[in-house]
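A.B. asks: As you go down the protein sequences, you meet chains A and B in turn. Heads up: the first sequence begins at 44 in the working numbering, then just goes up one per residue. Heads up: the second sequence begins at 44 in the working numbering, then just goes up one per residue.
Keep in mind that the hints were calculated from the coordinates and are not lab data. Please note that a few of the clues may not be correct.
[Stated by the list, open to error] Incomplete in silico selection of chain A near chain B, CB under 8 angstroms:
| id | residue |
| --- | --- |
| 1 | 65 |
| 2 | 136 |
| 3 | 140 |
| 4 | 144 |
[Claimed, not checked] Chain A residues, not near chain B, derived (Cβ > 10 angstroms throughout):
| id | residue |
| --- | --- |
| 5 | 66 |
| 6 | 91 |
| 7 | 103 |
| 8 | 110 |
| 9 | 234 |
| 10 | 237 |
| 11 | 240 |
| 12 | 324 |
| 13 | 338 |
| 14 | 358 |
| 15 | 456 |
The beta-carbon is built from N, C-alpha and C at its ideal position, and this holds for glycine as well.
Read off the chains here:
2 protein chains.
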Amino acid sequence: MAKKKITVQKFGGTSVANAEKIKNAAMKAIAAAKGGNQVVVVASARGKQTDHLIADALEVNPNPPKREMDQLLSTGEQQTVSLLAMAIEGMGHKAISMTGGQIRMITDSVHTKARIKSIDASRIKKHLDKGRIVIVAGFQGIDENENITTLGRGGSDTSAVALAAALKADTCEIYTDVDGVYTTDPRIFSDAVKMDMISYDEILEMASLGAGVMHGRSIEFGKKYNVVIHVRSSMSDKIGTLITHEVPQMEGILVSGATIEKNLAKISLVGVDNKPGNAAKIFAHLAQAKVSVNDIIQTEVSTEKANISFTVGKGDFADAQKAVEEIKKKVNCEAFYRQDIAEISIIGVGMRTHCGVANMMFSTLAKEKINIDSITTSEIRISCLVDKEQGDKALISLCKAFELDKPVSKRSYVK
Amino acid sequence: MAKKKITVQKFGGTSVANAEKIKNAAMKAIAAAKGGNQVVVVASARGKQTDHLIADALEVNPNPPKREMDQLLSTGEQQTVSLLAMAIEGMGHKAISMTGGQIRMITDSVHTKARIKSIDASRIKKHLDKGRIVIVAGFQGIDENENITTLGRGGSDTSAVALAAALKADTCEIYTDVDGVYTTDPRIFSDAVKMDMISYDEILEMASLGAGVMHGRSIEFGKKYNVVIHVRSSMSDKIGTLITHEVPQMEGILVSGATIEKNLAKISLVGVDNKPGNAAKIFAHLAQAKVSVNDIIQTEVSTEKANISFTVGKGDFADAQKAVEEIKKKVNCEAFYRQDIAEISIIGVGMRTHCGVANMMFSTLAKEKINIDSITTSEIRISCLVDKEQGDKALISLCKAFELDKPVSKRSYVK
C-alpha cells in the first residue's frame, strides 16, 4: 500500500467562530481525507473567546500570573478542537481531538510566549493510521513539568507549521478569512492583488513590518524545516498564496509587496558624544526598560558628535521616552520625539540583483511631493519614514509605480 | 516544626459564578491558609458554563462522542481554577492551579462517568510544602492513555473527597449556596432546619432519594476513606452540616430527614406466573433496555401467581414501558403504569433500634387521609408511594410529626 500523503490544515479563530463555520471546517478536513490524505487539523480559539477570557482574568487580577494565564487561555483552543472532532464525527468520519499536552508539544517554560522544543509525532501518527482525522489544539504546549504554555501571538500558525515539520507533511494549509497574501493592504490600496507565491524571507519582512499576514515565528519554522505554507480562504476552494523557499523566477519580481506601519514613533538623540560605548549605554538602558527598538540609524555629525535615531512601537513609546530622558545627560545629548510618522516599505528578493529600485521609490515619492524623514534598508527591503498624514498617499503611489495592482505576469518590468 | 493540617475546600459552580464570587472563594482559601493550614481548593465550572458548552456541542453534533464531550466540558473547571489562582495571587498569597491531568487523577475510561483509580498526592504536596494554595479542577481526570475523563454528576464533590482521602486531609469543606443539609426540602416545608451532623448512611439514602444535597459517589468515598465532610455556605462563616460516621448519639434521633421524589413512575406486573426465573427474565430485559430500576416489591397472590411492582425515574419511563410490553407475554401477566405518584421517605439511623417509627408514619398519613399505594423499607428508611397531588401535604405532615422543624436537642422524643 502506498504511503498516504499527510496534510496539515489550520483554521484560525474567525474560521471556527460559530457552529456553522466549525461544520464548514469539518467539511474541508473530510474532503482532504476523502482525497486520500491523512489529515491533521490545527485550530485556534473560537472568534473572540480569547479576548473574553483575558477580560475575565483582568477582572479577578489586573496583573495575572503568566502561568495561570496560559492555563486559562489554552481552554479556548481545547474547546474548538473537541467541537471540531464532534462535528467531523457527526458527518460520519472518525476524528479525535488532542491538546498540546496530549501530543506532547514540549516547549520551554516562558509562559505566554513559549518556544517549541519537540513534538511526539508518533502520538498523532498512531491515530492517523487508524483512519482518524486528528484535531490538535493550536497555540499551546506543555513544559517539562507539565505546566501548560502558550506560544504567543500567531501561535496557532506556529503549531501548524511545526506539526507539518514533525510529521513531514506534504502540505500545510493555513485557512483564514482572506483568500491569500496580498501585495499590500487592500483597505488602503483597493487594487492590491493576491500573490501566487512569496518567499519566506519576503513574508518575514512583511510580517515584521506589521502586514498582519502570518506571524514571523511560523514562517521561520517553515523556512527552517522546508514546510511549504499555503495561505487560503476557509470560505472557498480557490488556491491561495504559497510561501516557499526562494525560486529563481522570483528575482524578476523587483517588488513583491509594500507595507505601511502607522503604529510607531521616532526618537532622535542629537549631539551624542562620539565615544565608544555610548550607543551601547543607550540601548542597554532601553532594553532594561523592556523597550523593543526597531530600525536604528547612527550618523556622525563631527568627530565629536553623532546623531542616533530609532523607531519604537506606539505601545513602547512612553517607556522609551522615560528611558531616554534618564539616559540623555549621561551621553550628553538632546532628544526629539515624533509620533506623527508612518513607515512605508517595499519588499522583494529581486532587489538583491537589480539596481534602480531605490531610485524609483524615492523619485516616486518626490513626484508626489512627499518628504522622506529617513531611510533604512535590508537586502530585500527599503523603508522610508514619512509624515503620517501622507502615509496612505505614499503607499498608493508606490503600489502604482511598482504595478502591485497587476499579477506578476502582466507587470511591465517582469520578463 | 509541627506538621500543618491539610484542608480541602470545594466551591461549586454557584460559588464561583462571577469575579466577585471567585474573589470571595479566594478569601476563604487565604483565611484557611493564614489559620495555619495547607489548603487545597477544588472548583467546579462557573455558573452555567457547563450548560453553555453542552449547548455548543449539540449545535455541531446532536449525538456528540463522549470522549470529545469530556475534552470539551473539562475546560469549564480549568477556567475556574486558573481564575481562582489569579485571584489568590492578586491578594498576595502564592497559588497554583492544576488540571485533573496535572495531578494525575487517574480514572477508568468510561467517559462522562469515569471512576477514580488513583491520585498522585505528591504532585500536590510538593506545591503545598512551598506555601502555595493548590487549586485543583474538579469533575475531571485522565485515563491511562491521557484521554480527559469526567466523573459525571456531582463529580467535583467526588474530586474533593477523593483528594481529601489521598492527602489524608483533616477537613473537607464543601462550600455551596445553602448553609448546610436540611431536614427536608425548605421549598416545600419552610420550617425545615439545618442539621448539625448526619451519618454517611443517612445522607446516602437522602441523596439516592433525590434530595439533591451531595452526590452519592462522594459520600461513598468519604465513608470508605473516613473523610469528615463539612457542607457549608460560601457566603458566611457559619458552621454547616458535618457528614461523618455514625456516632452513638445519632441513635436517639429517630428520624433525621424526610424527602420527596416526584420524578418517578410506578410499573406493576400483575399475575406473573410464579416460576423460578421469571423475575430474573423481567429485570434482565429491563437492564438490557438500560432502565435503572428502583424499589422492587414482589408479592405472592397465590401459589401460581405473583405481582411485581417497581419504580423508575421519569426519564427512563418510555424505555421501561416498551421493555415491559415486550416481556409481559413471556411471563404471562398484565402491566399497569402510574405516573401520578410521589415517593415520601423518612430516614434515620435511629430506626434500627427503635420500634414505632413506621407506625407513626402510617398513622400520620392516615390522619391526613392520604392513601398509601405501597411501602418499601431499608434498615434506616421507610418510603411510601402516594398520590402525587398529595405528596407535599404528606411530606409536611411527616415533618411536623417527627419535629423536623426543631433542632435535635429540642425534639420531644430525643433524650
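A.B. asks: Indicate, hint by hint, whether the structure satisfies it.
C.D. replies: How the hints compare with the structure:
1. 65: holds (5 angstroms)
2. 136: violated (12 angstroms)
3. 140: At 5 angstroms from the nearest chain B Cβ, residue 140/A passes the 8 angstroms test, so the hint holds.
4. 144: Holds, because the Cβ-Cβ distance from residue 144/A to chain B comes to roughly 7 angstroms (cut-off 8 angstroms).
5. 66: Its Cβ does come within 10 angstroms of chain B, the nearest being 6 angstroms, so this is violated.
6. 91: holds (14 angstroms)
7. 103: For residue 103/A, whose nearest Cβ neighbour in chain B is about 4 angstroms away, the distance does not exceed 10 angstroms, so it is violated.
8. 110: The claim is violated: residue 110/A sits with its nearest Cβ about 7 angstroms from chain B, within 10 angstroms.
9. 234: Holds: least Cβ distance 39 angstroms, greater than 10 angstroms.
10. 237: About 31 angstroms separates residue 237/A from the closest Cβ of chain B, which puts it past 10 angstroms; holds.
11. 240: holds (35 angstroms)
12. 324: Correct as stated: the minimum Cβ-Cβ distance to chain B is 36 angstroms, above 10 angstroms.
13. 338: About 37 angstroms separates residue 338/A from the closest Cβ of chain B, which puts it past 10 angstroms; holds.
14. 358: Holds: least Cβ distance 23 angstroms, greater than 10 angstroms.
15. 456: holds (50 angstroms)
Checked against the numbered hints listed earlier, the structure breaks hints 2, 5, 7 and 8; every other hint is satisfied.
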